[in-house]
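Going down the list, the protein sequences come from chains C and G. According to the working numbering, the first sequence holds residues 1 to 230 in order. According to the working numbering, the second sequence holds residues 1 to 93 in order.
The calculated lysine to aspartate or glutamate pairs, modelled on DMTMM-like cross-linking and capped at a C-alpha distance of 20 Å, are:
hint	chain 1	residue 1	chain 2	residue 2
1	G	K8	G	D84
2	G	K39	C	E146
3	G	K50	C	E126
4	G	K20	G	D49
5	C	K56	G	D33
6	G	K50	C	D85
7	G	K39	C	E126
8	G	K39	C	E153
9	G	K50	C	D87
10	G	K20	C	E126
Facing chain G, according to a computed beta carbon distance under 10 Å, are these residues of chain C, among others:
hint	residue
11	D87
12	C93
13	E149
Hints were generated in silico from the structure; no laboratory data involved. Glycine included, every Cβ here is placed at the ideal spot set by N, Cα and C.
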Amino acid sequence: MVVGLRNFSDRIGDGSGEPVLDTENGEEMMRVQTGVTIVLGNGTPQSPGTLYISTKRVIWLSDVDKEIGYVVGFLSISLHAISRDLDSYPSPCIYAQIEAEVGEDDDSEGSGSEANDTIDVSKITEMRLIPSDPSQLDSLFDVFCECAELNPEPNEVHEEEHNWIFSADQLDESMMPEVRDFEWQEDPGNPIGYSNGNHDVVDSILELQIDDQRFDDAEEMEREAQSGHQ
Amino acid sequence: MLFFSYFKDLVGREVTVELKNDLAIRGTLHSVDQYLNIKLENTRVVDQDKYPHMLSVRNCFIRGSVVRYVQLPADGVDTDLLHDATRREARGG
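Using the sequences and the accompanying hints, generate a full structural model.
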């Protein structure tokens with residue numbers, strides 16, 4: 001998945017029409033709004049243009065220069081809002097925060113030779129969309145919300161796979177020494193695998209967790225093992 | 001689903017949502033969905049000097065995946081009830 005804002009010029013037909021959508025993967029147009037000005041970061045307003053909101057992405061295309069356009073996926077839009085307080089920002093607009101690429105911000109600042117005349121849109125973290133008709137703001141905001149909800153994080157299914165112990169009921173007696181054993185191993189003075197210089201310790205712990213028989217042989221647990229099994 | 005139900009009970013209350021980019025937004029919880037996307041009303045940014053971005057904004061939609069913490073009203077937390085609910089959820093019941 002592409003992160004952040006990108007340039008976009010993939011238009012239908014000879015390049016004058018609407019953006020090409022990924023219809024094969026179910027992308028559909030949700031809203032087309034003409035007469036929208038876009039502001040990227042702290043940059044100057046660009047207009048006029050047309051805003052396209054699909055089930056997956058927000059696309060703005062310039063009406064003047066067919067090569068100019070921007071796209072951002074809903075997965076990269078952290079937050080969106082209606083901006084109406086004219087004291088803080090002169091034009092009522094949809095305000096969006098974009099999750100940009102991380103890790104490059106500091107290094108690439110001075111190295112980019114094009115930095116002066118061309119902005120690197122992938123670093124943009126804020127975007128304002130100013131419709132010429134401010135009465136459209138509420139419905140635009142609602143479409144943004146609806147589409148954001150259509151795009152949950154793709155990896156959230158893994159959440160169920162953890163293996164934690166949540167209640168005392170799940171700790172039967174045979175497990176208890178194991179837990180204590182773990183606490184001892186986590187002592188900062190004895191990092192796992194290197195205590196006593198014995199590199200096999202990790203392996204033996206893994207076996208202990210799996211194999212109860214072996215576990216009973218552990219020296220420090222001898223007393224419990226005896227009392228527990230008689 | 002537990003926290004979804006829990007947050008739904010907090011609708012109308014004042015909460016502070018802290019995002020992973022360190023922006024903290026205080027506002028009235030308007031709604032929450034199953035992905036923990038959060039809509040706030042009457043918003044204000046907690047540290048406006050440091051984060052002037054949203055001075056002009058009074059409501060917002062926050063993507064659930066960018067939320068780091070939600071600070072709750074102290075009296076909005078029924079600890080016993082929440083304990084029971086987490087245990088039930090852990091058992092898959």
